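Peer 1: Full structure from sequences and hints, please.
Chain by chain, the residues run as shown.
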Amino acid sequence: MAAVLTAPLAAGLAAGFTAGPVVGPALVWVALLGPALCALAVLLLRRRAVVLVADVVASSVVLLCGGALLAGVADGGAAVVTAGGLLRVDPLAGYLLVVVGAVALTATWGGLSPGRARSRRGGRYTTLVCLFLAAMVLAVVADDLGVTWVAVEGTTITTAFLVGFAGGRRAVEAAWKYVVLASVGVGIAFLGLVLLYAATRAAGDPTLSWVRLVTDRPAVDPTVARMGLLLAALGFATKAGLAPMHAWLPDAHSQAPAPVSGLMSGVLLAVAFGAVLRIQRLDAVLLDGAAVRTLLLVGGLLSLLVAAVLVVTQRDLKRMLAYSSIEHMGLVAVAAAVGNRLALAAMLVHLLVHGLAKASTFVMAGRVLAVEGTTAIADVHGLVRSAPRIGIPFLAGAVTLLGLPPSGLFLTEAALVVAGLRSGYGWAMAIVLVLLLVVFVGMGRAVIAMTLGAPAPAGSSEPAAAATEALSAPLAPVALALAAACLLALATPLAGTLDSVVAVIGGAP
Amino acid sequence: MSGVRLGLLTVLGLALVAAVAGGALGTAARQRVSPLLGALVGAAAVWTGALAWSGGTGRVVVGTVLPGVTAAYAPDRLGGAFLVLVGGVTVLASVWAFDGARGTAASRTAWVAYPLFVLGLLGVMAAADVVAFLLAWEVMAVASAVLVLADHARRPEVVGAGLWYAGMTQLSFLLVLGGFAVLASAAGGTGWSDLARLAPDAGATGAGVGLLLLGFVTKAGAVPVHVWLPRAHPEAPSHVSALMSAAMVKAGVYGVLLVVVRLLPAGPSWWGLALLVVGSASAVFGILQAGVAADLKRLLAYSTTENVGLILVAVGAAQVTTARGDVETGHVLLVAALLLTFGHAAAKSVLFLTAGSVLHATGLRDLDRLGGLGRTMPWTCGAFGVAALGAAGLPVTAGFVAEWTLLQALVHAGGPADPRLGLVSALAVTVVALTAGLALMTFTKAFGIAFLGRPRSDGAAAAHEVGRAERLAAAVGALAVLGLGLVPGPMATAAVRALGVDGVTAAGTTLAAGVRLGGVAPAPGSAGEAASGTAALVPVLDPLALGLAALAALVVVAGVVARLRRRAPRRAVELGWGCGGARVSPRMQYTATSYAEPLVRIFDAPLGVSRSVATTTADAPYVVRAMSFRQRVRDVFEEHGYRPLLRAAARVGDAGRALHNGSVHRYLAWSFATFVVVLGLAAR
Amino acid sequence: MSSGDASQAVALLAGLELLTAVLLAWRGPASSPRGPLAVQGFALAGLVAVIGVAEGEPVLWLVALLVGVLKGVVLPTLVVRRPSRAAGPAAPPAADRPATVRPVVRPAVVRGRSRVPLLLGAAGLVVVAYLAARPVTRVVTGATGQALPVGFALVLVGFALLATGRRSQSQLVGFLVLDNGIATTAFLATGGVPLVVELGVSLDVLLVVLVLQVLGSRIDTAFGAGAPGGTDLDQLRELHD
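Residue numbers (my numbering), protein chains in the order written: chain A, 65 to 573; chain B, 13 to 696; chain C, 6 to 246.
Calculated directly from the structure, the hints in this document are not laboratory data.
Keep in mind the model is a prediction, meaning the values are calculated, not measured.
Treat each hint with caution, since some may be false.
Not the full set, but computed from the structure, chain C residues with beta-carbon under 10 Å of chain B [to be verified]:
#, residue
1, Leu-130
2, Ala-138
3, Pro-140
4, Ala-168
5, Gln-176
6, Leu-238
7, Arg-242
8, Glu-243
Chain A is nowhere near these chain C residues, computed Cβ spacing over 12 Å in every case [claimed, not checked]:
#, residue
9, Ser-12
10, Arg-39
11, Leu-67
12, Leu-70
13, Gly-73
14, Val-74
15, Val-79
16, Leu-83
Think of the CB as a built atom: it goes at the ideal place given N, C-alpha and C, for glycine as much as any other residue.
Peer 2: Set out below in structure tokens:
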């Protein structure tokens with residue numbers, strides 16, 4: 065959806081882009097402050113309509129700005145720098161902005177709920193979602209790694225109450241675990257950044273600016289720099305959901321409201337992984353790149369293993385989707401570890417497509433919960449027949465996530481395997497293929513059991529208000545996102561853009 | 013624009029239009045338009061395939077978002093031959109579907125998936141590089157899974173079949189993906205031309221080819237990775253079963269031929285030996301299971317496993333003989349493999365379509381409750397009979413020509429010069445002979461029980477002939493079976509061309525006139541004999557002459573019978589006691605189960621049979637009120653291979669659940685341990 | 006202040022931090038963590054001030070003030086404060102809780118729990134910290150290098166406290182020690198990260214502690230425990246596979 069829908073608009077903005085040096089920085093600020101202003105508007109106005117659509121507006125702003133920025137900085141355009149160098153949008157940042165915007169639009173639009181907007185806590189929900197978006201945008205556009213860290217920690221703070229939003233023992237338990245595990249993990253990243261800063265200081269040029277580190281290549285002490293980079297990567301990997309730092313993820317994703325689960329799964333993981341990618345690039349530039357690569361490879365394979373083992377006999381729908389996120393982040397990490405151009409391009413597409421599909425599936429899972437009153441896999445039957453408006457999109461989303469064509473994940477997974485073998489990771493690819501099969505069978509079995517077959521005999525009870533709302537909720541966001549997740553694989557014109565993004569994070573041919 | 017390119021684009025466009033039409037049209041319009049569009053796709057594919065088969069070239073390239081990754085479709089001669097095959101079967105299935113696709117088989121989803129399924133199949137045959145192949149392969153898999161699942165809401169077993177199918181087809185895909193990835197990374201490119209440059213003896217090539225062969229035979233439904241086939245084929249709508257059995261499993265065969273014959277013709281002989289072993293096991297096991305099956309479509313499905321087994325035997329033997337230097341015999345074996353493929357496609361599509369007609373007419377698939385359909389459904393009966401002859405490998409059909417060629421070539425492979433090859437081929441001959449015998453029994457059973465005798469149930473008694481479209485499709489298919497059997501010359505010549513083994517004809521395989529296997533047994537006075545100088549060992553067979561002879565024999569027999577009848581006047585016999593013949597009931601007839609009983613007794617162990625007889629007695633133990641007999645035939649591979657594996661996976665999953673026991677302390681301990689380990693390793 | 010004085014002051018303050026960390030590990034559940042935490046925070050602030058003097062950077066004075074207020078006063082107070090139910094936004098309705106569940110209150114002093122393994126563990130972690138900090142001490146110039154392992158030790162001990170902390174409050178304490186450890190490392194190894202980052206980080210830490218406090222009180226409400234030091238976290242086992 066991102067690129068396909070906004071391409072003409074982005075092209076128009078890109079034309080204005082070259083006109084003057086004002087447009088680019090302005091777009092960055094709009095992307096950053098737009099969601100924050102939306103949050104402010106909710107707090108100040110407290111009108112129901114504002115509460116209802118503020119997060120959708122914020123996502124659209126991010127998507128539009130991201131698309132325009134990406135079009136401007138890709139294909140040889142210069143990066144946009146503002147705020148005295150603290151903020152900088154290069155093709156990677158632009159791409160991640162598009163991911164944030166597109167996935168957030170899917171999740172928020174699909175998660176529109178007049179019922180929630182009417183409720184007493186609706187305003188708080190929308191405010192926090194907008195602030196969450198702002199934090200993610202900051203994490204993406206910050207050039208200074210310290211600022212990135214602050215923003216990533218900010219995402220934890222803003223989502224803490226969203227995870228616990230439902231109230232009750234389970235939600236508050238999930239929120240506690242999430243905040244403790246995530247902030248400790250990200251704390252490790254800060255220790256890493258401190259060590260990196262110490263290393264650059266010893267080399268005579270104390271800085272945490274990513275672009276300066278990449279271009280100046282200070283002669284840092286290899287051991288200290290390696291410690292710093294490894295710890296930073298490990299810390300950000302916590303938020304990216306890589307095993308064995310992933311333990312917060314299934315709990316948080318299963319308890320958060322469905323749109324928030326979609327946001328966390330589809331974008332937050334990607335944003336955190338964007339930070340990991342920057343660290344990996346630094347490792348390649350300052351050192352030999354072996355350390356972070358090994359970390360990613362081990363973490364990725366471990367994530368796949370954990371996901372495969374826990375999906376096989378999974379009993380809860382939203383936990384299953386959470387483990388599927390761990391699986392996909394594992395694939396992404398393996399692709400980053402492989403690190404050649406094909407693998408990195410596949411990884412980037414994988415991030416976007418997975419985000420779109422996962423957000424859609426979580427949105428649909430939320431409607432399943434509203435209609436069936438449960439997310440226990442064993443208690444849901446024959447959705448395609450009993451509630452086709454929910455069952456069919458849910459099935460489509462799950463199939464997309466499983467990497468079957470026409471899903472874009474099909475192409476990226478195949479490309480990853482080919483690229484991995486080309487770089488000599490045959491053994492890792494063998495493991496990946498086996499685990500992919502296990503995940504496929506485990507998740508496929510659950511999804512088929514829930515969607516196909518004869519529906520359970522319906523109870524005659526009056527449908528709840530939430531169920532009525534879920535049954536009449538718009539399908540357009542999900543349909544658009546899934547269509548984009550499929551068509552993206554064939555969007556040949558974007559290959560050049562992707563190439564320039566890959567160039568940012570390196571990648572030997 | 014070349015003809016082939018135009019054809020490929022036409023196929024693509026028509027298939028997409030058909031998919032859109034399937035989704036957009038109303039029920040009544042869909043039932044008329046969708047089959048028509050399907051048939052047009054098939055016809056366009058036949059045209060394109062014929063052009064490519066006769067040497068035309070053309071290329072369609074599909075770009076992707078990944079820089080430098082494109083998918084190119086450019087069928088060569090072999091691909092063209094398979095395009096014709098798939099296209100032909102599609103035309104038959106689509107025509108049949110005008111009347112035959114009903115209910116859930118004609119739903120919106122089904123008519124969207126159907127053209128995409130065909131498109132995927134055609135794409136596999138037309139692909140010119142790894143990406144294109146994999147893309148089409150998986151489109152085919154997904155669309156066919158959707159079709160298998162069409163009737164999910166009414167019959168619970170469909171969901172189980174769909175799950176098995178999805179799992180096995182994904183296994184096949186991942187194996188193929190892994191195999192091609194190994195080859196592509198070793199070759200440094202993804203095009204077929206790149207792969208063809210690989211050294212066949214290299215370790216990476218061996219690993220890649222091993223994975224590929226495993227993936228392809230999974231798709232082809234060979235033992236022991238056949239378990240999806242007897243589940244999915246019966247549950248799919250019949251025209252889809254026909255496509256799956258006649259065309260989709262051939263995608264696996266095509267894959268094998270692509271790797272072993274086209275890309276890496278000089279491979280080591282273990283490739284062929286592996287194929288021989290798998291093929292032999294599939295042939296024997298498949299026909300045994302078919303022999304004892306009582307479900308008509310399940311019988312046909314297992315018979316597909318058998319036929320695929322024979323094809324694999326042919327390809328494997330060809331590979332082995334070629335690798336050991338007997339190139340000419342190898343080439344004849346390859347021709348036999350292609351003849352088998354086409355013969356089976358023609359016969360099996362007719363069989364599944366007519367089985368679908370029987371299902372419509374009676375509502376039954378269970379042979380034990382059919383019977384006497386020959387009178388009520390003469391067209392269907394005739395088509396099924398002809399196709400059954402073909403599937404059993406009896407004369408005047410394509411199956412006979414193919415199996416005979418295979419046997420002749422096997423008999424002559426090796427010889428005194430190469431006793432080890434001779435041993436292998438002797439074993440293969442045994443397998444083929446055993447298979448042929450059992451196939452004969454199987455299809456006499458299928459035809460005899462279903463179409464002859466008296467109806468064994470009300471459903472069978474109430475049967476009526478099916479609609480014109482169904483009859484037309486079955487009749488045309490049956491004619492193809494006969495045509496390929498009576499005039500196999502052009503087909504064989506074309507097969508030679510498709511395989512690129514023209515050297516054989518030069519050496520004397522004068523295939524044009526029939527199955528004159530010159531290379532093996534030159535016809536007296538032929539160029540082949542003159543060239544090679546071998547003595548005339550003349551198992552020359554001309555199917556046309558054979559057909560004429562059979563016809564002549566038939567005329568003679570008919571004459572004699574008519575004469576005898578005239579001579580003996582009709583007599584009315586009044587039986588006093590009746591010898592049991594006075595009260596003939598349909599239950600006195602053989603059933604499918606009882607007919608297969610001897611087979612079950614002999615092959616008890618490999619079939620995994622369990623029976624139980626329950627007797628209900630009245631007051632005294634010797635006054636029997638009723639007896640019930642139950643017999644269950646299991647699939648030993650499923651029972652002893654897959655089930656334990658699945659149970660083990662579930663156990664691992666259950667054990668793995670203990671990992672996430674909910675303790676925040678445990679989770680923090682993981683983080684802490686990871687942190688300390690990484691810190692320690694980094695500070696080294 | 007000469008460089009010798011500075012390095013002595015740094016060593017002294019760092020030693021004080023380590024001592025408070027061990028005290029926090031040692032303390033029983035009944036004793037309040039506020040005192041040791043405050044001492045640790047002030048020690049850290051003093052450390053920053055000393056470094057500021059030694060390196061002649063007036064901006065570090067400002068930072069020292071910030072650190073002193075935040076880590077010496079605000080955060081320790083927050084940790085021990087029991088937020089009233091009104092502070093926790095929208096406590097879940099009591100109907101959420103099954104009526105049969107009685108608040109589980111563990112004895113304030115865990116009987117028979119020996120402190121020896123704990124201390125041995127802490128000692129082991131300090132050794133690990135010294136080993137891990139060695140490469141960093143090599144590159145750090147000036148008066149602060151020798152004290153650097155203390156930062157690592159605080160991180161490790163804090164992490165261990167966090168991982169073993171039974172109650173919500175002890176996990177918070179562990180988190181603060183961990184954070185102080187990172188800050189100590191930062192000031193000792195680099196003389197402080199850039200100011201804008203420092204401000205952001207301080208704000209984040211403050212917010213995280215606030216969030217955890219609110220969540221802790223919600224847990225107390227939901228799981229029905231009024232025990233000193235918050236709910237026993239072993240009760241949080243409803244989410245599992």
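Peer 1: Are the hints correct? Go through all of them and say.
Peer 2: Now the hints, each set against the structure:
About 9 Å separates the beta-carbon of C:Leu-130 from the nearest beta-carbon of chain B, less than 10 Å, and the hint is met. The interface hint given for C:Ala-138 holds, since its Cβ lies 8 Å from the closest Cβ of chain B, which is under the 10 Å cut-off. Hint status for C:Pro-140: holds, given a least beta-carbon distance of 5 Å to chain B, under 10 Å. Of the supplied interface hints, the one on C:Ala-168 holds, with its beta-carbon coming within about 4 Å of a beta-carbon of chain B, less than 10 Å.
Hint on C:Gln-176 holds. Least Cβ distance to chain B is approximately 8 Å, under the 10 Å limit. Satisfaction of the interface hint for C:Leu-238 is found here, the shortest Cβ-Cβ separation to chain B being roughly 6 Å, below the 10 Å cut-off. Hint on C:Arg-242 holds. Least Cβ distance to chain B is approximately 4 Å, under the 10 Å limit. The criterion of a C-beta within 10 Å of any C-beta in chain B is met by C:Glu-243, whose closest approach is roughly 7 Å, and the hint holds.
No Cβ of chain A approaches the Cβ of C:Ser-12 within 12 Å, the least distance being about 17 Å, so the stated non-interface status holds. With 12 Å as the threshold on Cβ separation, the claim that C:Arg-39 sits away from chain A holds: the shortest Cβ distance comes to roughly 20 Å. Against chain A, the non-interface label of C:Leu-67 holds: every CB pair exceeds 12 Å, the least being about 18 Å. Every beta carbon of chain A lies more than 12 Å from that of C:Leu-70, the smallest distance being close to 20 Å; the non-interface claim holds.
Distance check for C:Gly-73 against chain A: the nearest CB is about 20 Å away, which clears 12 Å, and the non-interface claim stands. Distance to chain A confirms C:Val-74 as a non-interface residue, since its nearest Cβ pair spans about 19 Å, more than 12 Å. Distance check for C:Val-79 against chain A: the nearest CB is about 16 Å away, which clears 12 Å, and the non-interface claim stands. Look at C:Leu-83: its CB is around 15 Å from the nearest CB on chain A, clear of 12 Å, so calling it non-interface holds up.
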